[in-house]
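Peer 1: Chain by chain, the residues run as shown.
4 protein chains.
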Amino acid sequence: MKTGEKTRVAVVGASGYTGEELVRLLLRHPHAELVAATSRQFAGKTVAEIFPRTAHHSKAIALKFTDASPAKIAKEAEIVFLALPHGVAVDFAGPRLEAGARVIDLSADFRIRNAAIYREFYGHEHGAPTLLAGAVYGLPEIYRDQIREARLVACPGCYPTSILLPVIPLLREKLIKPGSVIANSLSGVSGAGRKAELDYLFVECNESIRPYGVPKHRHLAEIEQELSVAAGSTVTIQFTPHLVPVNRGILTTLYLAPTDIGQDAKRIDAAFHQSYANEPFVRLLDEKTLPDTKNVAGSNFIEIAWRHDPRTGRLIVMSAEDNLLKGASGQAIQCFNVICGCEETAGLL
Amino acid sequence: MKTGEKTRVAVVGASGYTGEELVRLLLRHPHAELVAATSRQFAGKTVAEIFPRTAHHSKAIALKFTDASPAKIAKEAEIVFLALPHGVAVDFAGPRLEAGARVIDLSADFRIRNAAIYREFYGHEHGAPTLLAGAVYGLPEIYRDQIREARLVACPGCYPTSILLPVIPLLREKLIKPGSVIANSLSGVSGAGRKAELDYLFVECNESIRPYGVPKHRHLAEIEQELSVAAGSTVTIQFTPHLVPVNRGILTTLYLAPTDIGQDAKRIDAAFHQSYANEPFVRLLDEKTLPDTKNVAGSNFIEIAWRHDPRTGRLIVMSAEDNLLKGASGQAIQCFNVICGCEETAGLL
Amino acid sequence: MKTGEKTRVAVVGASGYTGEELVRLLLRHPHAELVAATSRQFAGKTVAEIFPRTAHHSKAIALKFTDASPAKIAKEAEIVFLALPHGVAVDFAGPRLEAGARVIDLSADFRIRNAAIYREFYGHEHGAPTLLAGAVYGLPEIYRDQIREARLVACPGCYPTSILLPVIPLLREKLIKPGSVIANSLSGVSGAGRKAELDYLFVECNESIRPYGVPKHRHLAEIEQELSVAAGSTVTIQFTPHLVPVNRGILTTLYLAPTDIGQDAKRIDAAFHQSYANEPFVRLLDEKTLPDTKNVAGSNFIEIAWRHDPRTGRLIVMSAEDNLLKGASGQAIQCFNVICGCEETAGLL
Amino acid sequence: MKTGEKTRVAVVGASGYTGEELVRLLLRHPHAELVAATSRQFAGKTVAEIFPRTAHHSKAIALKFTDASPAKIAKEAEIVFLALPHGVAVDFAGPRLEAGARVIDLSADFRIRNAAIYREFYGHEHGAPTLLAGAVYGLPEIYRDQIREARLVACPGCYPTSILLPVIPLLREKLIKPGSVIANSLSGVSGAGRKAELDYLFVECNESIRPYGVPKHRHLAEIEQELSVAAGSTVTIQFTPHLVPVNRGILTTLYLAPTDIGQDAKRIDAAFHQSYANEPFVRLLDEKTLPDTKNVAGSNFIEIAWRHDPRTGRLIVMSAEDNLLKGASGQAIQCFNVICGCEETAGLL
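Protein chains in written order, with our numbering: chain A, 1 to 349; chain B, 1 to 349; chain C, 1 to 349; chain D, 1 to 349.
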């Protein structure tokens with residue numbers, strides 16, 4: 001069933017916003033052949049019916065969503081994307097891995113290496129702890145080499161991506177105090193998923209700005225795990241998410257204490273430029289420009305800017321990304337490109 | 001339980017957007033005493049907890065939502081507002097009327113005088129057809145005298161109000177052809193109610209403009225009923241509702257054929273001015289101004305403007321209102337004021 | 001300066017929303033080489049600085065906006081896109097045409113064949129009436145063959161595209177009465193352009209729905225011109241534009257009187273399917289689906305649906321498009337593709 | 001010209017959003033008589049023409065905007081509200097004060113007691129430094145007694161109100177470390193004023209989230225001045241404003257370090273309750289509820305909530321207000337009520 005050079009892929013749980021983005025991106029991807037999409041809710045309907053934005057694509061008109069058990073689905077796919085809720089993905093990954101496929105998971109199920117921490121933050125035992133050791137955290141800017149070889153990729157959450165990419169270079173270079181990290185994040189409503197809940201109705205979100213998940217949001221588990229790796233010691237941070245009325249976008253403002261207040265600002269600049277100057281999806285902004293989610297919405301880019309405040313001695317770092325793309329499905333495609341060995345920007349520009 | 005000059009009122013089914021508006025308006029009304037609010041969903045919680053916007057009001061802090069059967073609820077209220085779904089209100093009105101209360105109903109249950117037409121548009125038999133004859137259509141500008149004496153007031157739908165007020169004066173004066181009426185309406189999302197449905201999620205409505213209910217929306221039943229009364233003959237109209245991403249507001253654009261294309265525009269002007277110059281909530285705009293929902297949102301006003309098109313001979317009439325106020329709860333309070341004999345603007349400015 | 005198979009193109013007046021879209025689309029177009037972009041306002045700055053969304057593209061980083069007189073600009077371009085205000089484009093087209101380039105104009109300057117009608121609707125004499133005869137109206141679905149050979153293409157306005165594509169097939173087949181056409185259009189705010197005017201501030205547009213340009217909007221000139229061609233007789237229509245708070249999208253609802261009320265609905269269906277079944281950017285929706293701007297925003301597609309109303313005998317036709325793409329810059333690229341003889345969807349999917 | 005018990009008031013510079021709110025609130029205020037409104041831009045037009053939302057009010061229909069020099073305007077007013085840009089108000093206050101009127105200024109001109117700090121933050125010399133000593137900072141919850149006697153009230157900025165009310169009680173009680181204050185604020189677009197600038201166009205703000213003024217926003221001057229008073233020592237804080245696409249509302253999230261991490265949370269609770277339990281416009285939320293701007297938009301209330309983070313030891317405090325009301329015009333009316341000795345909530349519920 002291989003079509004020329006294309007890799008056969010499947011999307012499991014394609015009915016949410018990240019699933020829709022995956023399907024849309026894979027349909028136009030030059031090196032992917034979408035062979036299956038599953039959705040309990042939409043089984044039997046075509047992709048084109050459910051996602052009208054794809055209706056010009058002959059594959060979307062032909063391909064019907066299927067509904068199947070974890071053991072049976074998507075056998076023909078070499079790489080399987082899981083766009084399932086937390087706690088559900090875990091049951092689908094094992095069977096596909098055993099059958100020889102690679103798995104790129106967008107849920108939180110394989111992001112946390114320590115099953116005890118998973119339990120602390122997600123409130124239940126992990127369903128397949130033996131798989132955790134083999135999972136690679138799917139942040140290509142940090143784990144590119146490991147992703148290339150990975151059988152199981154755990155794509156980062158949307159908030160974590162917006163925090164990790166700006167902070168990791170600074171922690172690695174010991175330029176900031178690990179305990180000082182405060183991340184204030186603002187997210188568009190698609191981050192809540194396509195769920196029929198009153199809280200996410202148009203009228204409840206429009207003309208509303210509100211914090212939530214204070215003070216212990218689940219994403220802290222993976223953020224602190226990855227920051228601790230970068231710092232070489234256990235890092236605990238402050239993180240407050242807020243909901244604002246846009247469809248897409250995360251804007252994170254970070255408040256950081258430099259290890260040496262008097263240090264040359266050039267060391268900060270250098271840390272960012274050395275880490276990201278050649279990264280295809282990281283845009284380091286100049287000293288006149290601040291991030292704006294509208295400049296990255298619909299793309300896989302993340303914008304990063306930073307400012308020193310001589311009055312307080314703090315370093316302010318800001319990032320903007322599309323929560324569904326660099327924060328989810330775009331990053332998953334980026335991982336796919338790394339695995340396949342094709343151009344990392346393939347299908348993403 | 002009478003408190004001074006105040007009328008004791010109850011709101012039944014207070015958990016939706018119209019219920020919330022009723023509660024909010026009644027709490028600050030100088031001549032109303034809110035003695036009960038019912039909600040199956042919120043029973044046992046205080047009004048202040050559920051509607052944070054009312055949390056400064058001592059009554060909102062003290063009053064708890066109750067849940068009770070139609071026969072038992074709100075016995076102490078002299079006037080009962082029903083803010084229930086269509087087909088549910090019908091069971092609550094009878095018991096309250098028999099107990100001597102007056103009922104102001106915001107559902108469609110008592111708007112249609114002809115039970116057969118109700119069945120045609122609502123898909124089931126009317127639950128209390130004997131009550132229909134006594135119900136008064138709650139459009140004060142048209143039925144003020146009847147509302148004053150009514151035991152049962154059927155408040156108009158949000159779209160009907162935006163169409164009837166502009167068209168009735170023209171039909172009464174035979175200035176337009178009854179068969180020519182085309183009403184193109186745009187509504188904010190609160191018109192869909194506080195329902196946990198995917199279609200009304202923020203992400204599904206924001207950056208979306210869409211028609212729905214084409215070509216036979218339920219509101220046609222009451223619109224045509226009332227236009228037929230005004231015309232003195234059966235009127236059939238074209239009506240297309242659309243959903244646009246605002247919280248509140250209906251903008252209706254009407255396309256009408258004058259009976260006499262060459263007629264003096266002054267007769268149209270006169271019809272509007274004679275009908276509405278003294279109406280407290282109708283704003284007839286001048287020739288330089290067009291309606292805008294932002295000028296009426298949060299108020300009980302309706303703006304009306306009209307233009308003759310010499311190229312086509314048609315008359316274009318436009319109206320703007322707040323769908324939750326002049327289109328629902330504000331109008332219900334206006335009816336309440338008429339019934340109580342107080343200033344018609346009491347509690348509404 | 002020719003780069004392989006690529007056509008050298010320039011964008012004149014690139015500082016507005018349509019100019020930005022043109023630049024963005026041309027940068028990623030497989031068969032175009034953007035050699036110049038002019039902007040009085042941004043002269044000397046790079047494309048990447050002004051349009052951050054393009055900042056990953058090496059050409060955007062290298063290319064600086066230039067400012068030059070009509071006679072001098074963009075000499076190296078084989079095809080010049082004019083994204084200038086009405087009345088300004090006219091001075092730029094002649095010099096480029098004389099120099100041998102082809103011109104694709106996005107303004108209204110060359111859309112009206114009759115200079116007297118131009119004067120009636122635009123309020124001043126046409127600046128280059130001798131060019132009008134040679135201009136081709138850039139609606140590929142209607143004028144594909146003429147566009148292929150055209151030296152000067154006049155791209156349709158955003159509203160006209162949303163009205164002409166649905167109505168032309170019906171008029172050509174004599175299925176509707178020409179005098180019956182009523183077009184009610186809703187547009188996102190980008191249609192007003194990037195102009196620093198109070199009316200288009202966020203606070204003035206958000207939570208606002210409003211009609212404007214009643215009853216004689218300038219776009220009527222080109223709409224009626226093209227409908228008259230289709231009908232074979234002079235057509236006068238009703239058209240009312242409205243502003244709604246979305247960035248992008250036009251939703252048009254058309255009210256039409258069939259020539260023969262009793263006629264088989266299949267003739268209407270056939271007219272649409274014969275006209276558009278093979279068109280790459282026209283989506284004819286099925287009987288269960290209505291247009292929604294969110295399904296076409298960001299794309300060059302137009303959705304069309306239609307319903308017969310047995311109660312009134314009218315035909316309701318609805319369309320949705322992205323005003324900046326199928327309504328402007330996307331359509332201009334589609335014309336470019338037709339002229340170049342490449343795949344019509346090149347750079348647009 | 002005194003009308004019964006009413007105080008004669010004027011609004012100078014009524015064409016912006018805060019001016020419009022002042023006019024709207026004063027028209028319905030039971031103890032105010034609006035005798036003049038000035039606007040260079042709108043001179044000669046009636047209030048009802050320019051602010052359609054007031055068009056039902058007979059005074060709005062009768063009153064015309066005037067344009068006059070600082071020395072001449074609004075002589076008949078006992079209290080003059082200045083809703084002018086920074087640097088302009090300063091010229092209007094002196095003449096009115098000398099003529100015996102009281103002045104309630106909404107600009108920044110009299111908020112900073114130290115003229116040198118004014119120059120540092122506003123970039124020019126203060127125009128009337130001798131008036132600074134007599135000005136009272138118009139935050140009734142903090143300066144009620146002084147406002148009562150003040151001739152010149154300097155109403156706080158919108159961001160400062162959202163930061164000062166939550167932080168002052170904690171600093172006064174020495175419960176937090178003064179140097180630890182980090183304020184992350186999100187504002188609706190009306191905060192930018194009614195200015196015809198590209199940055200505030202609908203299309204530039206909608207679907208956009210962005211920081212600005214990093215790291216030294218002008219409001220820091222007054223925030224730090226007032227926090228220093230509360231702390232009894234010089235306080236320097238971190239403050240980052242962001243623009244989000246709502247019309248109204250400020251949401252501030254504060255990150256604070258308790259002086260004693262192990263301290264009883266009850267001391268924090270007590271500080272808030274002792275300060276604000278009897279304040280008519282401060283809503284202290286319970287432990288299940290977080291602030292949401294939609295609950296205060298259109299009102300003069302501020303919501304405050306706080307959470308201890310046992311993981312980091314920090315205290316998170318959040319506030320929500322309407323930037324045009326509690327953040328500007330509503331607060332000015334509250335000050336007016338204090339001065340007049342009427343109910344502090346008059347005209348504000």
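Treat the hints with care, since some could be wrong.
Identical chains share a label here; the pair holds if one copy fits it or two copies do between them.
[To be verified] Calculated cross-link-like contacts (lysine to any residue; reagent style SDA-like; alpha-carbon spacing at most 20 Å):
1) Lys177 with Pro258
2) Lys266 with Val229
3) Lys72 with Gln274
4) Lys59 with Ala346
5) Lys195 with Phe272
6) Lys177 with Gly313
7) Lys288 with Ser299
8) Lys45 with Gly232
9) Lys177 with Arg8
No lab work stands behind these hints: they were computed from the structure.
The structure displayed is predicted, hence computed values, not measured ones.
Peer 1: With identical chains, the pair Lys45 and Gly232 could be close in the same copy or across copies; at 20 Å between alpha carbons, which is it: within, between, both, or neither?
Peer 2: The answer is neither: 50 Å in one copy and 43 Å across copies each exceed 20 Å.
Peer 1: Within a copy, between copies, both or neither: which one fits Lys177 and Gly313 at a CA-CA cutoff of 20 Å?
Peer 2: both (12 Å within a copy, 16 Å between copies)
Peer 1: Between Lys72 and Gln274, at a C-alpha cutoff of 20 Å, which is it: within one copy, between copies, both, or neither?
Peer 2: Classified as neither: same-chain Cα gap 45 Å, cross-chain 43 Å, threshold 20 Å.
Peer 1: Given a CA cutoff of 20 Å, do Lys195 and Phe272 count as a within-copy pair, a between-copy pair, both, or neither?
Peer 2: For Lys195 and Phe272, the Cα distance exceeds 20 Å both inside one copy (37 Å) and across copies (36 Å).
Peer 1: Classify it for me, Lys59 with Ala346: is the Cα-Cα distance of at most 20 Å met within a copy, between copies, both or neither?
Peer 2: both (19 Å within a copy, 18 Å between copies)
Peer 1: Pop the pair Lys266 and Val229 into one bin, within, between, both or neither, using alpha-carbon distances up to 20 Å.
Peer 2: neither (24 Å within a copy, 37 Å between copies)
Peer 1: Check Lys288 against Ser299 for me: Cα-Cα at most 20 Å, and say if that holds within a copy, between copies, both or neither.
Peer 2: For Lys288 and Ser299, the Cα distance exceeds 20 Å both inside one copy (22 Å) and across copies (32 Å).
Peer 1: When no copy is named, should Lys177 and Arg8 be tagged within, between, both, or neither for a Cα gap of at most 20 Å?
Peer 2: neither (45 Å within a copy, 52 Å between copies)
Peer 1: Measure nothing new, just compare the shortest in-copy and cross-copy C-alpha distances for Lys177 and Pro258 to 20 Å and report within, between, both or neither.
Peer 2: both (6 Å within a copy, 19 Å between copies)
Checked against the numbered hints listed earlier, the structure breaks hints 2, 3, 5, 7, 8, 9; every other hint is satisfied.
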